[in-house]
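Quick note, the sequences are listed as chains A and B, same order. Sequential numbering of the first sequence, starting at 8, is according to this note's numbering. Sequential numbering of the second sequence, starting at 45, is according to this note's numbering.
These are calculated hints, taken from the structure and not from any lab test. Idealized CB from N, CA, C, for every residue including glycine.
Under 10 Å between C-beta atoms, here's a sample of chain B residues computed to sit facing chain A:
(1) Gly84
(2) Gly102
(3) Phe134
(4) Ala136
Residue strings, one per chain:
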Amino acid sequence: AQSVTQPDIHITVSEGASLELRCNYSYGATPYLFWYVQSPGQGLQLLLKYFSGDTLVQGIKGFEAEFKRSQSSFNLRKPSVHWSDAAEYFCAVGPGGGNKLTFGTGTQLKVEL
Amino acid sequence: NAGVTQTPKFRVLKTGQSMTLLCAQDMNHEYMYWYRQDPGMGLRLIHYSVGEGTTAKGEVPDGYNVSRLKKQNFLLGLESAAPSQTSVYFCASSSQGTAQETQYFGPGTRLLVL
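Chain A on its own, in the form it takes in the complex:
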C-alpha cells in the first residue's frame, strides 16, 4: 500500500531564510508525487508535481522539489521564504486505483518577521 510521511508537524523559519520540508513515500512502482499548499480557511492549491524526467521540478511561488528514488524522498525547498508562505503544506503520492492520491499529515509552516 502507498503511504506518505511528513516527519515535521511544525516548522518555524525567519523571513528571508531558506526552507526545506521533508516528504518520504512508500510506493510499489515509479510514483507520481505532488506538493499542495493550504492557506488558512482555504482549499488546497497545487505547488508542483513530479511524474518522470528531470528529478528537480520547479513550481509556483518560487518553490522547487527534488525526487530522490534511492531515499524515497520528495523534499520541498525554497531559497528565501516570504511571510505570505505561512501555510500548511501537504505531500501526496499516487496513483492508486481511480487516480487516487495518498496524502501526508501535513507540515505547518510559520514565518517569523
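Chain A is already provided as a structure; the job is to place chain B on it using the hints.
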C-alpha cells in the same frame, strides 16, 4: 470557469440529523473525490467516483453515502450525523485517462456536529 465549488460553506448539525453536501465542477472531469480533513491526520479519502453513475469506497467510508447522477455533481450524504463526523470536507476532481492529472480542490465545507 468556477472550477470546483462546494455548498454549503459551513453547517451545524445536531446528532442524528441528516444533510447533503454538494460538489460541482465545470471542468468536464471524469473523476471526483470526497475527503475529510482532521487535525494531525491530513486528508483522508471518503468516497470517489470514476464517472457518472459510479461510486467507490475510499479509506473512511462508514457513515457516508454518495451519488454521482450527473457528471458535474458529486453529493456526499450523512444519514445520521455523529460528533465524530465534525470535520472539514473537501471535494476534488481530476480528468480521465493518465493518472498524471492533478486533483483540483474546492474551498471546503466546515461541518460541526453537536
